[in-house]
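K.L.:
Read off the chains here:
There are 2 protein chains.
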Amino acid sequence: MITFIDELKRLLSEDRVTVNETVLEQHSRDESYHQPSLPDVVIFPKSADEVSAVLKFANENDIPVIAFGLGSSLEGHVIPQHGGISMDTSLMNSVLEIRERDFLVKVQPGVTRSQLNKELKKYGLFFSVDPGADATLGGMAATNASGTTSVRYGIMRDNVRDLEVVLANGDIIHTGSLATKSSSGLHLNGLFIGSEGTLGVFTELTLKVYGIPEVTMAGRATFPSVEQAVEAVNGIMLAGIPIARIELVDALSIKQVNRSINTSFEEKPTLFLEFHGNEAGLNQDVAFAREIVADQGCKDIQFETDSIARSELWSARHNLAYSFIHSSPGKKLMVTDASVPLDRLTAAILDTRKKVDASSIEGAIVGHVGDGNYHVMFMIDLKNAEEVSEAKRLNEEIVNYALNAGGTCTGEHGVGIGKAKYQRLEHGKAYDVMAGIKNTLDPKGILNPGKIFTEETLITQ
Amino acid sequence: MITFIDELKRLLSEDRVTVNETVLEQHSRDESYHQPSLPDVVIFPKSADEVSAVLKFANENDIPVIAFGLGSSLEGHVIPQHGGISMDTSLMNSVLEIRERDFLVKVQPGVTRSQLNKELKKYGLFFSVDPGADATLGGMAATNASGTTSVRYGIMRDNVRDLEVVLANGDIIHTGSLATKSSSGLHLNGLFIGSEGTLGVFTELTLKVYGIPEVTMAGRATFPSVEQAVEAVNGIMLAGIPIARIELVDALSIKQVNRSINTSFEEKPTLFLEFHGNEAGLNQDVAFAREIVADQGCKDIQFETDSIARSELWSARHNLAYSFIHSSPGKKLMVTDASVPLDRLTAAILDTRKKVDASSIEGAIVGHVGDGNYHVMFMIDLKNAEEVSEAKRLNEEIVNYALNAGGTCTGEHGVGIGKAKYQRLEHGKAYDVMAGIKNTLDPKGILNPGKIFTEETLITQ
Chain V
1 MITFIDELKR LLSEDRVTVN ETVLEQHSRD ESYHQPSLPD VVIFPKSADE VSAVLKFANE
61 NDIPVIAFGL GSSLEGHVIP QHGGISMDTS LMNSVLEIRE RDFLVKVQPG VTRSQLNKEL
121 KKYGLFFSVD PGADATLGGM AATNASGTTS VRYGIMRDNV RDLEVVLANG DIIHTGSLAT
181 KSSSGLHLNG LFIGSEGTLG VFTELTLKVY GIPEVTMAGR ATFPSVEQAV EAVNGIMLAG
241 IPIARIELVD ALSIKQVNRS INTSFEEKPT LFLEFHGNEA GLNQDVAFAR EIVADQGCKD
301 IQFETDSIAR SELWSARHNL AYSFIHSSPG KKLMVTDASV PLDRLTAAIL DTRKKVDASS
361 IEGAIVGHVG DGNYHVMFMI DLKNAEEVSE AKRLNEEIVN YALNAGGTCT GEHGVGIGKA
421 KYQRLEHGKA YDVMAGIKNT LDPKGILNPG KIFTEETLIT Q
Chain A
1 MITFIDELKR LLSEDRVTVN ETVLEQHSRD ESYHQPSLPD VVIFPKSADE VSAVLKFANE
61 NDIPVIAFGL GSSLEGHVIP QHGGISMDTS LMNSVLEIRE RDFLVKVQPG VTRSQLNKEL
121 KKYGLFFSVD PGADATLGGM AATNASGTTS VRYGIMRDNV RDLEVVLANG DIIHTGSLAT
181 KSSSGLHLNG LFIGSEGTLG VFTELTLKVY GIPEVTMAGR ATFPSVEQAV EAVNGIMLAG
241 IPIARIELVD ALSIKQVNRS INTSFEEKPT LFLEFHGNEA GLNQDVAFAR EIVADQGCKD
301 IQFETDSIAR SELWSARHNL AYSFIHSSPG KKLMVTDASV PLDRLTAAIL DTRKKVDASS
361 IEGAIVGHVG DGNYHVMFMI DLKNAEEVSE AKRLNEEIVN YALNAGGTCT GEHGVGIGKA
421 KYQRLEHGKA YDVMAGIKNT LDPKGILNPG KIFTEETLIT Q
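So the protein lines, in turn, are chains V and A.
With UniProt numbering applied, the first sequence corresponds to residues 1 to 461, in that order.
With UniProt numbering applied, the second sequence corresponds to residues 1 to 461, in that order.
It is possible that some hints are incorrect.
Note that identical chains are pooled: a pair holds if it fits in a single copy or bridges any two copies.
[What the hints assert, rightly or not] BS3-like cross-link-like pairs, simulated, lysine-lysine; straight-line CA separation at most 30 Å:
| # | residue 1 | residue 2 |
| --- | --- | --- |
| 1 | Lys208 | Lys255 |
| 2 | Lys332 | Lys268 |
| 3 | Lys56 | Lys268 |
| 4 | Lys444 | Lys429 |
The hints are simulated quantities; they were obtained by calculation from the structure and are not laboratory data.
From a predicted model like this one, the values you see are computed outputs, not experimental measurements.
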């Protein structure tokens, strides 16, 4: 009998189809606390045609297909809950074309953010979306990632011009064009970005890039209270200062940074800021921002323009999640990801801090506060039932608070497994519309089953 | 026998349902050259609930429903080709809420752009999207309008945070939330914007607004050739100058302006520019831009910061289409709307000029050149078969050129009737995905039939 694995070997090649235990295990999990689950097989396609052949075959034979980038997702997106094929894009990792005068670059989905930026630097360009992790661009588009720069340059959805996508039936489509703007047809581009592998598999991405700014200045400002730090953010936004990054890191997180990388930052609520612009404009912006933070009780603000000093200043913020993970062996990271309208942010963060303090577990708060998006990082011992249930309870309360404020359960991590249960509450009848689209594009439900949509949602359609 | 018009009167009220000939005629056309067609009835709903009741009724009885804003569309979007109900949103014209600290405003669909900006000014805010016409915001979202400011502030799709939409079955959904960013669920917001009334009727819009910039400076620069003007645009974009508007107006258009509003602008290819920013940054930007335009042979550049002088400078550009219309009695406006990647723009515009010059009709070229989007305006006599066919031939050639360059058949006007025939060519198999979504959401095809989708596309699904 020919097994489906033999058939995959015929469609790709012997050496790019594996059931090796270690490889299966690597593709059974992401960086989150969600329960791992092994795929039946891991494959490494090299082209859209190969992806198409595999999807056509999987669709005819009802085999789940889960696209896999680097596994840096935070809500279990790449976990093969129902087994099947984990489709690893790491061999599709070429930067295909840099169109510098169009501010566009064409890449394969397995290219990582840092790999792309290294290439772009030669042209004086950069790709703006920076979620912290050095994720693949395919994965970042699949989850609609964002991060520290989106307050100025937008989220993944704002920076993907076109996708080549293979559908469940093997059809290969393009969701956009190379035009800067278009009113032609329905906007599939935005629909597929953030679809988490449930509507198709991305095989090529055309991304918008930017010129490296004339001057970049990074700053760190400490405040007497979280409230004052967030008020300073509101002040900067209301003043219309085109800030490039503005990040809140609370006292507990700074303590963790000091412990982990041996620094001696003042252990107080801190804003990390970055300004991009021409020299004259930036100096005026910085002077204005200094006044605003001083009004909120900030006595200590330090700026760096030198690129090494800047990158040191930011490394503390960027490595925070990893520093928690490494200092808590045996524990797993749970990160909340609520986002609220800007005016509700102060109250949301204060409420969160109160809830966490009243609970039996520790949680550090960081936030992309210019976007109203904030995270609580919990390190939890999955064998400790009380700790797990406490973290889940807090996560749920934070989600409910955000939804009541007109916000969202996930600002940037995506739905995956962890936020599927909040979709009905957040989207109401719109969730049925989403499920209708899912059913139309993937009638057999082979594409990343269990993510975004629960089985019940799709059946009751 | 109760007619369906009686039923509509029962659902709304007697005085908001009319078959008056003049009103029917007003709702039979837009500002384009497309053939008018009368609706059976025009209704004026006041709430989402009324819209829902009407749609439920229309869906059960297979009656076409066409949402109508002000009729300023340019591709026949609001023409009831198959009769039915023209649903006029002019009584839903309230600014519902201004959330200044969230940079959000909630409006009903019949609010016009200028009405909103008048309200916002009191708060030091403005809504950025400016398509020239004083369209309704519902109509602008339906066509994914943009215009002169999108090079800096984005298109309609970038500036709508949430829509309340009534679906064909009467369900009322929200497509987004108030959160600045979200990775929750499929992105319905982007899908419905630009759907031209084919997926649902908008009953409320939450829009992103901006602080009025500290300084605004407008400029007008003339060039020896169109080529040099477009090269100057590329230079400004490549320099990373955050230009707020940059518009090309060719010599023929300037001539029209002079004739129409009695000015004496030099009749040469002209760029209209606008800079927004803080004073120091803006001055540095302007100085840099001066060097770039001088390198392209511009000897004459004039700047205005005073708001009246600025608005006079821009009025020439803004009223151009109307000035063509008013100076050509008995003729109708046909505007092409191709958009190409930035690097192909010079060649595209030169090619277009050559084709128009070689034809038997006159055409003026203007362009949102920072976005690669350009228009040729033809004034055509619909009774002159040769003139009509010549304009259509040119339109088609311009579309084909743009598609070959990786661009789009419509940068901002939308598909409507006029661009439906290019959808298959532009989108390939993705057009089937769009049709699948249309069929899922509107299985009986009552919503604005004949727009975006041809009947054949939907039937072959």
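K.L.:
Classify it for me, lysine 208 with lysine 255: is the Cα-Cα distance of at most 30 Å met within a copy, between copies, both or neither?
P.N.:
neither (37 Å within a copy, 37 Å between copies)
K.L.:
With 30 Å as the alpha-carbon cut-off, assign the pair lysine 332 and lysine 268 to within, between, both or neither.
P.N.:
within (26 Å within a copy, 67 Å between copies)
K.L.:
Please sort lysine 444 with lysine 429 into within, between, both or neither, judging by C-alpha distance up to 30 Å.
P.N.:
both (22 Å within a copy, 20 Å between copies)
K.L.:
30 Å Cα cut-off: does lysine 56 pair with lysine 268 within a copy, between copies, both or neither?
P.N.:
Classified as neither: same-chain Cα gap 55 Å, cross-chain 57 Å, threshold 30 Å.
Comparing the model with each numbered hint stated earlier shows that hints 1 and 3 do not hold.
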